[in-house]
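Protein sequence lines, in the order shown, are assigned to chains A, B, C and D.
End of the first sequence = 274 in the numbering used here, gap-free, step of one.
End of the second sequence = 274 in the numbering used here, gap-free, step of one.
End of the third sequence = 274 in the numbering used here, gap-free, step of one.
End of the fourth sequence = 274 in the numbering used here, gap-free, step of one.
Treat the hints as calculated values from the structure; they're not laboratory data.
Just so it is clear, the structure is predicted and the values come from calculations on it, not from any experiment.
Built from N, CA and C at the ideal position, the CB exists for glycine as well.
Hints are supplied without guarantee of correctness; some may be wrong.
[Claimed, not checked] Counterexamples of contact, computed for chain A against chain B with all Cβ distances above 12 Å:
hint, residue
1, ALA105
2, MET210
3, PRO232
[As the list claims (entries may be wrong)] No more than 20 Å apart at the CA atoms, straight line, and that leaves these computed lysine to aspartate or glutamate pairs for EDC-like:
hint, chain 1, residue 1, chain 2, residue 2
4, B, LYS125, B, GLU96
5, B, LYS156, B, ASP173
6, B, LYS125, D, GLU170
7, A, LYS125, C, ASP211
8, D, LYS125, B, ASP91
9, D, LYS156, D, ASP173
10, C, LYS125, A, GLU170
[Claimed, not checked] Only some residues are given here: those of chain A computed to face chain B with a beta carbon under 8 Å:
hint, residue
11, ARG38
12, THR46
13, GLU48
14, GLU49
15, ALA51
16, VAL58
17, GLU60
18, PRO64
19, LEU259
In case you want the letters, here they are:
Protein chains: 4
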Amino acid sequence: MILDASCDIVFTAHAEIPVILMLRPRSGLGQWVTREEYAFEPHVPVVEYTDPFGNLCQRVVIPPGEFQIHASCRAHTADAIDVEPQAPFVPVAQLPESTLQFLLPSRYCESDKMNSLASGIVGDAPIGYAQAEAIRCWIATNIKYQYGTSNASTSALETADARHGVCRDFAHLGIAMCRSLNIPARMVVGYLHGLNPMDLHAWFEAFVGGRWYTFDPTQPEARGNRISIAYGRDAADVALVSQFGALQLNSMKVTVAPAPAE
Amino acid sequence: MILDASCDIVFTAHAEIPVILMLRPRSGLGQWVTREEYAFEPHVPVVEYTDPFGNLCQRVVIPPGEFQIHASCRAHTADAIDVEPQAPFVPVAQLPESTLQFLLPSRYCESDKMNSLASGIVGDAPIGYAQAEAIRCWIATNIKYQYGTSNASTSALETADARHGVCRDFAHLGIAMCRSLNIPARMVVGYLHGLNPMDLHAWFEAFVGGRWYTFDPTQPEARGNRISIAYGRDAADVALVSQFGALQLNSMKVTVAPAPAE
Amino acid sequence: MILDASCDIVFTAHAEIPVILMLRPRSGLGQWVTREEYAFEPHVPVVEYTDPFGNLCQRVVIPPGEFQIHASCRAHTADAIDVEPQAPFVPVAQLPESTLQFLLPSRYCESDKMNSLASGIVGDAPIGYAQAEAIRCWIATNIKYQYGTSNASTSALETADARHGVCRDFAHLGIAMCRSLNIPARMVVGYLHGLNPMDLHAWFEAFVGGRWYTFDPTQPEARGNRISIAYGRDAADVALVSQFGALQLNSMKVTVAPAPAE
Amino acid sequence: MILDASCDIVFTAHAEIPVILMLRPRSGLGQWVTREEYAFEPHVPVVEYTDPFGNLCQRVVIPPGEFQIHASCRAHTADAIDVEPQAPFVPVAQLPESTLQFLLPSRYCESDKMNSLASGIVGDAPIGYAQAEAIRCWIATNIKYQYGTSNASTSALETADARHGVCRDFAHLGIAMCRSLNIPARMVVGYLHGLNPMDLHAWFEAFVGGRWYTFDPTQPEARGNRISIAYGRDAADVALVSQFGALQLNSMKVTVAPAPAE
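Using the sequences and the accompanying hints, generate a full structural model.
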């Protein structure tokens with residue numbers, strides 16, 4: 013499906029606040045971005061760069077007053093995610109170099125403390141895709157999706173204890189458990205068509221059978237029509253707005269819809 | 013000035029032809045791309061990646077038949093290029109690592125054979141910006157801009173002999189001479205507002221005084237309002253279309269105009 | 013001083029265990045490695061690669077039985093670290109891109125939760141080097157160096173609470189507090205001449221005044237004669253041995269001594 | 013075979029001359045460097061960095077007077093190179109991104125002008141390894157190995173005309189012809205055990221069947237026991253000494269021998 017997606021954010025700053033934004037999706041293996049807009053009101057100088065994970069980031073100093081960010085894109089997306097229950101575990105010694113960093117614990121994914129929980133969950137599942145899927149199922153079943161129960165500092169370990177959270181927490185937990193089994197796992201933030209209520213979304217990918225597969229513990233069934241905006245080890249790497257000072261968020265509106273026929 | 017630029021290319025292929033395209037400008041230090049479109053007709057799968065120079069490249073297999081490429085963008089550009097006659101030469105030992113590769117000879121810039129010509133041209137000019145500007149002036153004065161006198165294989169050495177060429181040849185010659193004086197120099201392809209006749213354009217940048225400066229030997233005076241599409245060592249790195257098989261080019265149309273007031 | 017340093021590690025494995033090692037120092041701005049040895053007994057195939065932080069890493073599968081690792085080097089090192097109390101804070105908007113990732117929270121450095129503590133410690137110190145030094149002093153004074161009080165999972169927040177730890181914990185705490193003040197900070201592991209008892213060591217660097225400076229909260233005074241082996245966001249990135257399975261550590265011996273006159 | 017290799021170079025400089033050296037082999041997929049030494053007399057400050065091809069490079073300013081460079085290493089090498097006559101051509105659309113730059117023409121490899129010669133040579137050979145091997149054979153048979161017939165500026169096209177050259181020219185010609193057939197090809201400089209007379213050596217690699225294979229047109233038969241020092245597009249990228257000013261080469265001595273039993 014060809015999707016039109018947008019994100020509009022309004023901040024108020026009381027001083028000059030440097031921020032790093034990450035709202036520009038890139039085309040890649042799984043998606044082709046054919047149209048894109050990105051504007052600030054008031055207009056300010058922008059410097060764009062690519063971070064270590066390949067994300068396009070924008071450095072901006074937000075001036076005092078109200079500041080509007082508008083980002084939108086049109087992208088070709090797959091209607092279904094790839095599902096491959098037989099995809100085998102890749103032994104660490106054979107993993108591509110680029111995946112190795114996604115084996116390590118990170119700020120919100122204390123994989124060094126999750127092996128016991130994860131081992132219990134996957135039980136005798138064949139190693140690889142089936143383990144990641146068992147983890148996804150367990151989260152979907154055992155963690156309650158509930159706004160306001162977690163915050164930007166909540167980690168996988170805390171979510172495993174509290175048994176509630178939002179998409180970001182679900183993803184962190186899935187990532188931490190996969191890594192604890194030596195399966196590389198990374199965080200994705202992006203748009204998902206049909207999400208209700210509509211918002212930016214987070215899910216995770218696990219590397220099995222020689223490639224990355226999508227897992228989304230918040231969804232009852234596997235759904236495609238996703239636009240990935242950014243990849244990273246966890247939410248620390250893929251904050252859509254990293255602010256270095258106090259900003260007041262006035263509003264944020266996200267839309268995702270099929271593109272009109274041309 | 014905010015510019016709207018576009019490039020429309022129509023090919024005919026008689027077999028499946030893999031190509032690598034490079035028609036997607038990135039925002040960076042000097043330009044901010046606020047809007048962009050990129051479409052193929054017929055639509056084909058695209059994989060986008062970043063090449064070693066930071067350019068966004070698209071891999072496509074063009075199917076037999078007619079194939080249309082449409083790329084357009086809106087970008088904030090500076091009305092004038094920066095000119096700094098006093099910018100000093102940076103000794104090789106102090107150059108940033110990222111510039112070192114732009115000291116070496118490359119396919120169309122035989123800097124290893126240009127020192128004698130370049131030394132004669134720069135004479136007693138202060139080392140640094142003034143040398144690059146002397147080279148630019150010499151090219152503008154001594155090389156005749158003439159279509160049809162060179163081709164895709166023409167190198168700087170050949171242009172220095174023949175004394176004619178097009179923007180690409182002018183740039184190669186400037187790059188080769190700068191490098192022969194140990195000044196890093198690189199090729200840029202992009203859009204230039206007011207170019208007549210309108211077409212894609214090529215110029216070069218030289219690294220002096222701690223940063224890259226723009227030099228355009230085809231223009232009687234320094235002009236801004238440029239949108240850079242790609243950077244590289246020479247035309248071999250920045251071909252907007254690298255084709256791996258025979259393609260017939262039917263038409264190519266480039267437009268650059270001030271964006272309408274919003 | 014020219015130093016000879018070595019690290020000998022003996023493991024026993026009960027199965028094939030993949031590991032990633034990071035025991036090969038690289039020459040760089042601050043050190044010149046003139047001699048180096050790196051051997052395994054028994055010899056096994058090794059694949060070396062560079063991780064995202066520029067560290068040379070070795071992938072090995074340790075076979076069942078005893079496995080010995082010997083790494084040694086000779087390096088030119090500075091006798092004193094650079095100290096620059098006036099080095100100013102670099103506003104986030106002006107930081108080099110390569111430093112930005114060292115502003116973010118990471119596994120063992122919960123900088124998102126440390127601002128209050130750090131702000132209290134630095135008080136009215138001029139922003140920049142003086143803040144990092146105030147943090148270093150506070151740690152040296154308030155955290156007790158004590159073996160066995162922390163483990164590989166201990167984080168900066170836990171160390172701030174517990175008030176004891178080892179070099180790695182001291183570094184994490186310094187890093188987390190610097191980042192909470194928007195000062196990029198990174199972890200270094202390496203050799204330090206004169207350390208007592210001799211062992212591998214960890215300290216941190218903060219980016220102020222346009223460059224990285226060394227801070228070592230475990231030392232009563234600034235000491236040079238360091239050989240850096242690896243850089244990263246925290247200990248998760250710079251484990252000298254990342255093991256993906258159970259290994260028994262039999263012994264580890266580190267030596268650092270002035271090289272004999274030649 | 014475990015090899016000990018060394019390279020000793022003596023220069024005389026009449027002024028301070030910046031150079032970039034590339035004499036430090038790295039371990040990788042094909043070789044494991046267990047011991048290494050690298051020294052300058054007189055000692056000067058050195059900054060080491062990794063170039064875009066992954067080579068470890070050293071920046072040094074050679075002071076006036078005599079300057080000695082000593083580089084040596086011990087490495088595990090394979091006794092035979094891998095030969096795989098059936099390895100198939102990889103269509104451009106399926107090539108790994110990292111290989112794409114090795115399809116383009118470069119300073120000494122004018123692949124844009126070699127397709128006709130290469131097509132004639134490979135004839136009806138199966139596409140892939142067999143083509144690269146046909147090219148290697150043709151060069152071995154038709155180009156005369158002769159010192160003093162070429163120089164540092166000689167390119168593949170010139171060698172194809174002149175029909176003589178040295179290892180570097182043989183490699184350039186092989187690379188240019190492979191690329192003209194859309195086979196990625198790259199230059200390697202390094203040590204070869206048994207070379208007579210002993211010297212630094214150059215050969216090429218072609219990417220077929222999903223990996224890089226070694227081809228050496230100077231050798232009557234495939235020989236292993238090679239230590240790769242540097243990789244690049246051609247000799248412009250892999251000069252072991254890139255000098256930015258006049259240096260007098262007094263002597264250069266290379267040794268390669270089996271390491272003594274330990």
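These are the hints, each one checked on the structure:
1. ALA105: Holds, because the least Cβ-Cβ distance between ALA105 of chain A and chain B comes to about 27 Å, which exceeds 12 Å.
2. MET210: 23 Å, holds
3. PRO232: 30 Å, holds
4. B:LYS125 to B:GLU96: 28 Å, violated
5. B:LYS156 to B:ASP173: It holds: about 12 Å lies between the C-alpha atoms, which stays within 20 Å.
6. B:LYS125 to D:GLU170: 15 Å, holds
7. A:LYS125 to C:ASP211: 26 Å, violated
8. D:LYS125 to B:ASP91: The hint is violated at about 40 Å.
9. D:LYS156 to D:ASP173: 12 Å, holds
10. C:LYS125 to A:GLU170: 15 Å, holds
11. ARG38: Status holds, d = 6 Å.
12. THR46: Holds: closest Cβ of chain B sits about 5 Å from THR46 of chain A, inside 8 Å.
13. GLU48: OK, holds: GLU48 of chain A within 8 Å of chain B, min 5 Å.
14. GLU49: 5 Å, holds
15. ALA51: 5 Å, holds
16. VAL58: Since chain B brings a Cβ to about 5 Å from VAL58 of chain A, closer than 8 Å, the hint holds.
17. GLU60: With Cβ-Cβ at 4 Å, under 8 Å, it holds.
18. PRO64: Interface hint status for PRO64 of chain A: violated (12 Å vs cutoff 8 Å).
19. LEU259: 21 Å, violated
Hints 4, 7, 8, 18 and 19, counting from the list given before, are not met by this structure.
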